[in-house]
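Student: So you can see what is in the structure, the chains are spelled out below.
There are 2 protein chains.
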Amino acid sequence: MARQPAKADFPVSQVRRYLEPGPIVMVSSALGGRRNIMTMGWHTVMEFTPSLVGCVIAGSNHSFALIRESRECVINLPTTALTDIVVGVGNTSGAEIDKFETFGLTAQPAMRVQAPLIAECHANFECRLYDDALVERYNFFIFEVLKAHVAKSPRHPETLHYTGNGEFVISGKVISRRRWFRPELLDS
Amino acid sequence: MARQPAKADFPVSQVRRYLEPGPIVMVSSALGGRRNIMTMGWHTVMEFTPSLVGCVIAGSNHSFALIRESRECVINLPTTALTDIVVGVGNTSGAEIDKFETFGLTAQPAMRVQAPLIAECHANFECRLYDDALVERYNFFIFEVLKAHVAKSPRHPETLHYTGNGEFVISGKVISRRRWFRPELLDS
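Protein chains in written order, with our numbering: chain A, 1 to 188; chain B, 189 to 376.
Simulated from the structure, these hints should not be mistaken for lab results. Be aware that a few hints might be false.
Distance windows between CB atoms, simulated [to be verified]:
# : chain 1 : residue 1 : chain 2 : residue 2 : range
1 : A       : R179      : B       : T290      : 13 to 23 angstroms
2 : A       : F181      : B       : V362      : 21 to 31 angstroms
3 : B       : A283      : A       : I97       : 52 to 62 angstroms
4 : A       : R34       : B       : G292      : 54 to 64 angstroms
On the chain A side, residues computed to face chain B include the following (Cβ under 7 angstroms) [what the hints assert, rightly or not]:
# : residue
5 : G41
6 : W42
7 : T44
8 : V45
9 : G172
No experiment lies behind these values; they were computed from the predicted model shown. C-beta: ideal position from N, C-alpha, C; glycine also.
The shape of chain A in the complex, shown without the other chains:
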């Protein structure tokens, strides 16, 4: 069983710390009695305030209808401790199995949305659909992050970054160049 890290509230305006580096994430959703998890690598931060994240959720995913109709989801950040679970989630369909059960993941109630948090992930971002203007054309959803929960440590978890073809690169060393940044580009 994977560990469930202790988490604290985190400012939604700062979720870029976890999403801008481009990790693979797991998106959880719920509608009526159904729930599901999918992996997602096509996402980008779009704004600090409101806290906006844009992402592509292909119509072929079982999660598409759940998210399209409930207009909600949770973006969960797995670390490399969950590598094999991430691969399993990405290679199975919620039409056939309950992924929480199959992969031993714990569904925790969220505060602002019906979709469940995945307790074993390093961070959970509760999201509501903010703009669906490009859903028809590109399957592109713009979500607002309403609530963020983040493990108290480490500040920079080891994350998975998908390159296609079954291969990931893993985030490694952290380097700071704070001293060379313009003050207005830094956190206070």
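Start from chain A and add chain B according to the hints.
Tutor: Chain B only, in chain A's frame:
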């Protein structure tokens, strides 16, 4: 002076190998006699064919007008060998300096667009504006990659992933889970 890697043509439908992991990139642009470079961390792959990339280019950037009017840019992928140049480019304005000159970068002619390639980068993706539907509301540009040039090796370069606050995580170890992927999700 940074090295200029030897490059080969690369299939535009496969640029996700370099962009999906979420690296910081340098976007070059040109309009009339002007040219510029900006750093960008808010981008996502959106489609394989046509090869689409969505990205946020804030209106406060000097590059915004050049890209908005020319409807073109080049997305250049720096490795960690260019870390200090990336930080310099991200903390200066093209309204005041020519960044190619200041940072010793080489502008190479592109094949499909007027914007120059940055020769020192690992990869160069020539882009044309494909959809500007969300530019007004979110500064969100959807580009089509028309032509891709990629260094012959390594297959997975060491890249920079920005977390905000002057800190980057660096891509590290590569792991493969090919054997656990459904065949239709793998390159042939």
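Student: Each hint: holds or not?
Tutor: Structure-based check of all given hints:
1. A:R179 with B:T290: 13 to 23 angstroms: 19 angstroms, holds
2. A:F181 with B:V362: 21 to 31 angstroms: At 29 angstroms between Cβs, range holds.
3. B:A283 with A:I97: 52 to 62 angstroms: The hinted range 52 to 62 angstroms holds for A283 of chain B and I97 of chain A, with Cβ atoms some 55 angstroms apart.
4. A:R34 with B:G292: 54 to 64 angstroms: 56 angstroms, holds
5. G41: Holds: closest Cβ of chain B sits about 5 angstroms from G41 of chain A, inside 7 angstroms.
6. W42: 5 angstroms, holds
7. T44: Status holds, d = 4 angstroms.
8. V45: 5 angstroms, holds
9. G172: 3 angstroms, holds
Every hint, counting from the list given before, is met by this structure.
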